[in-house]
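Given chain A, put chain B in place with the hints provided.
So the sequence lines, in the order shown, correspond to chains A and B. According to the working numbering, the stretch in the first sequence is residues 1 to 363, in order. According to the working numbering, the stretch in the second sequence is residues 1 to 363, in order.
Just so you know, the hints here were simulated from the structure itself, not pulled from any lab data. Please note: incorrect hints may appear among the correct ones.
One copy or any two copies: either way a pair holds, since identical chains are not told apart in the list.
[What the hints assert, rightly or not] Listed below are the simulated DMTMM-like cross-link pairs for lysine to aspartate or glutamate, each with C-alpha atoms no more than 25 angstroms apart in a straight line: (1) 130 <-> 76; (2) 303 <-> 34; (3) 71 <-> 287; (4) 199 <-> 306; (5) 71 <-> 14; (6) 303 <-> 205; (7) 199 <-> 188; (8) 303 <-> 226; (9) 130 <-> 185; (10) 10 <-> 118; (11) 303 <-> 187; (12) 303 <-> 351; (13) 71 <-> 85; (14) 303 <-> 326; (15) 10 <-> 351.
Quick caveat, the model's predicted, so the values are computed rather than measured.
2 protein chains.
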Amino acid sequence: MSASDVGMSKWELDTPALCLNAAALERNIRCMGDYFRDRLAALRPHCKTHKCPAIAWMQQRAGAIGITCAKISEAEVMAQAGIQDILIANQVVASNKIERLVNLAAYTRVMVAVDNAENATALSAAAQAKGIALRVLVEVDVGMHRCGVAPGRPSLTLAGHVVSLPGLRLEGIMGYEGHAVAISDFDERRRVAEEAVGKLIATRDLLERNGIAVGIVSAGGTGTYDISGNCEGVTEIQAGSYATMDAKYQGVGIDFELALTIVSQVVSVTEPNIAIIDAGAKSATTESGMPRLIRPEGWYLLKLSEEHGHLRRQGGEQLHVGDVVEMVPSHGCTTINLYDAYHVIRDDIVEAVWPVAARGCNR
Amino acid sequence: MSASDVGMSKWELDTPALCLNAAALERNIRCMGDYFRDRLAALRPHCKTHKCPAIAWMQQRAGAIGITCAKISEAEVMAQAGIQDILIANQVVASNKIERLVNLAAYTRVMVAVDNAENATALSAAAQAKGIALRVLVEVDVGMHRCGVAPGRPSLTLAGHVVSLPGLRLEGIMGYEGHAVAISDFDERRRVAEEAVGKLIATRDLLERNGIAVGIVSAGGTGTYDISGNCEGVTEIQAGSYATMDAKYQGVGIDFELALTIVSQVVSVTEPNIAIIDAGAKSATTESGMPRLIRPEGWYLLKLSEEHGHLRRQGGEQLHVGDVVEMVPSHGCTTINLYDAYHVIRDDIVEAVWPVAARGCNR
Numbered sequence: 001m002s003a004s005d006v007g008m009s010k011w012e013l014d015t016p017a018l019c020l021n022a023a024a025l026e027r028n029i030r031c032m033g034d035y036f037r038d039r040l041a042a043l044r045p046h047c048k049t050h051k052c053p054a055i056a057w058m059q060q061r062a063g064a065i066g067i068t069c070a071k072i073s074e075a076e077v078m079a080q081a082g083i084q085d086i087l088i089a090n091q092v093v094a095s096n097k098i099e100r101l102v103n104l105a106a107y108t109r110v111m112v113a114v115d116n117a118e119n120a121t122a123l124s125a126a127a128q129a130k131g132i133a134l135r136v137l138v139e140v141d142v143g144m145h146r147c148g149v150a151p152g153r154p155s156l157t158l159a160g161h162v163v164s165l166p167g168l169r170l171e172g173i174m175g176y177e178g179h180a181v182a183i184s185d186f187d188e189r190r191r192v193a194e195e196a197v198g199k200l201i202a203t204r205d206l207l208e209r210n211g212i213a214v215g216i217v218s219a220g221g222t223g224t225y226d227i228s229g230n231c232e233g234v235t236e237i238q239a240g241s242y243a244t245m246d247a248k249y250q251g252v253g254i255d256f257e258l259a260l261t262i263v264s265q266v267v268s269v270t271e272p273n274i275a276i277i278d279a280g281a282k283s284a285t286t287e288s289g290m291p292r293l294i295r296p297e298g299w300y301l302l303k304l305s306e307e308h309g310h311l312r313r314q315g316g317e318q319l320h321v322g323d324v325v326e327m328v329p330s331h332g333c334t335t336i337n338l339y340d341a342y343h344v345i346r347d348d349i350v351e352a353v354w355p356v357a358a359r360g361c362n363r
Numbered sequence: 001m002s003a004s005d006v007g008m009s010k011w012e013l014d015t016p017a018l019c020l021n022a023a024a025l026e027r028n029i030r031c032m033g034d035y036f037r038d039r040l041a042a043l044r045p046h047c048k049t050h051k052c053p054a055i056a057w058m059q060q061r062a063g064a065i066g067i068t069c070a071k072i073s074e075a076e077v078m079a080q081a082g083i084q085d086i087l088i089a090n091q092v093v094a095s096n097k098i099e100r101l102v103n104l105a106a107y108t109r110v111m112v113a114v115d116n117a118e119n120a121t122a123l124s125a126a127a128q129a130k131g132i133a134l135r136v137l138v139e140v141d142v143g144m145h146r147c148g149v150a151p152g153r154p155s156l157t158l159a160g161h162v163v164s165l166p167g168l169r170l171e172g173i174m175g176y177e178g179h180a181v182a183i184s185d186f187d188e189r190r191r192v193a194e195e196a197v198g199k200l201i202a203t204r205d206l207l208e209r210n211g212i213a214v215g216i217v218s219a220g221g222t223g224t225y226d227i228s229g230n231c232e233g234v235t236e237i238q239a240g241s242y243a244t245m246d247a248k249y250q251g252v253g254i255d256f257e258l259a260l261t262i263v264s265q266v267v268s269v270t271e272p273n274i275a276i277i278d279a280g281a282k283s284a285t286t287e288s289g290m291p292r293l294i295r296p297e298g299w300y301l302l303k304l305s306e307e308h309g310h311l312r313r314q315g316g317e318q319l320h321v322g323d324v325v326e327m328v329p330s331h332g333c334t335t336i337n338l339y340d341a342y343h344v345i346r347d348d349i350v351e352a353v354w355p356v357a358a359r360g361c362n363r
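So that you can see chain A by itself, here it is in the shape it has in the complex (with noise of 0.2 angstroms):
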């Protein structure tokens, strides 16, 4: 995976390996950028999909407005790139975490989510002791009932607590409508996906009538950026997944280009409609189904163990040890995570090896 594989063909790397097709890649960012360019919403994406400096910083230059991280250790390795604005759009917690958020706060534009009064306390007294005004959003839950504070009430309870407290600065809401993104039906994704946006409007107008100002709410992800993207109020999409893309967002049907695949090695054969390769569940992930073998046709993956994948032949010629075959991730975000670098190909040769440098960035 080192740099000296550019130049080389896609088809000889060592395997398995994470490739990333530039020009498919470069079209998402572009589309996305210009679905926002004239809207109300802007576009945040969600930097937990890839993990990588070097996309983050296309979708700055195609229009975002900066980047959402899941977590602290995400946010420093995005700011050491040089990103600006970042939101975490999750809460933190611990207090070693507190220390290194207000420590990042204080030199570049952080935001973080938060859910609890008591932790609204913390950021606060961590803030005031670093003398920075660090930027909140209230997290509301919308339906999906993971974390966020309840829609209505609640959710202006907790905003009038971070409005009294000292070193905190109240940006707005957001709310993750994740039940509603992977809903293949497009009519009642946009259902369920309103109803969510819904209540964050609702309490949005809540905490106005109230006198606390709303300037931020940040919604979406890649199976909503049209529907959540399109509603009154909602200032910023956080969708991730777009830019590489994964067979499960296909799946449902989203439009974007297959990005992202794992090349991998034929490793053994012993029967003429069985091949077994060497990229198994240490390679891809499967808990949103298998990977889909793209390369050659007629095959399909059966299933991983841990080192192997069980190739089995419905059509299409027969493999030999030492075939090269090509599959696409279930589930880019979790797959990219066991990866160290990407494979940049351009019509077949390696352009770039990209570090996945938040890799691994689960604090």
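Relative to chain A, chain B alone:
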């Protein structure tokens, strides 16, 4: 995850953290070492589980005769850490990987599995070019139907080919009864494992009747060490998971201690019977089921989303934001591969931080 964590309490670590109970690890390694001390079969632990030279060396000191690896990149890491006798229990096919294999074999003892005549010929050519004798085991498919040539005559044919090739030294045969290791009924597990090993021994006999010496007969995993390890003719056992253990193998009824856990922090509590923790699918794998929450009592892990774990209460005390919980990975091998380091814990205090040096070595 720096060495500066040494001396910290396990309950104050930056989370999620992969923790290794030092005393339990030591007992597991000693117990398995003792088991094989006076047996005809020896122990060659599989390091695909722990990926950690520090643990591999503990195993050597407890009587192991070397280690087993899944990939050439893993073997390179272990050899660099001074491990002397390495079986790559897998096919090494790509020309780049074969070159690395013979380079490695030139300075440490290495064996590799083969199940294909063309691959054997390629290994022979590379070994000749390097001027070495590469040690080879013919892999026999003993019923798992992954890699391996069929038992009996096909194995004899391949073994004869290997013997005829310059640059190769046939050391013996191997077979992995992976279809037996996770059968929870011991008698059934024994029946299936003994049937599998029977095919291996019959193949050994066939080879020897045909004048091919079979010095090594390698088999087994943590689920069958006390079955295959007692079968007449088996000379080596490849058990890996026993050192750290995991919930999957505990569920099978394997009698080693759970040394591996993840500590994670509660980041959101929105209802009394629900808590959200900071360990999701990027911090624990689920292809073998959910991780098992062991602390606090009364709670269980309902599901993992990407960055969060969803806890539910059946009893016990309410959890609060900031509380630390502990869980046992369902599948240690793939979960360890998500982390850069172990926190080695004794009496709840960090004693050492050990790099997962072969993390990501999937090539």
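Problem - Violated hints - listed by number, lowest first - result: 2, 6, 8, 9, 11, 12
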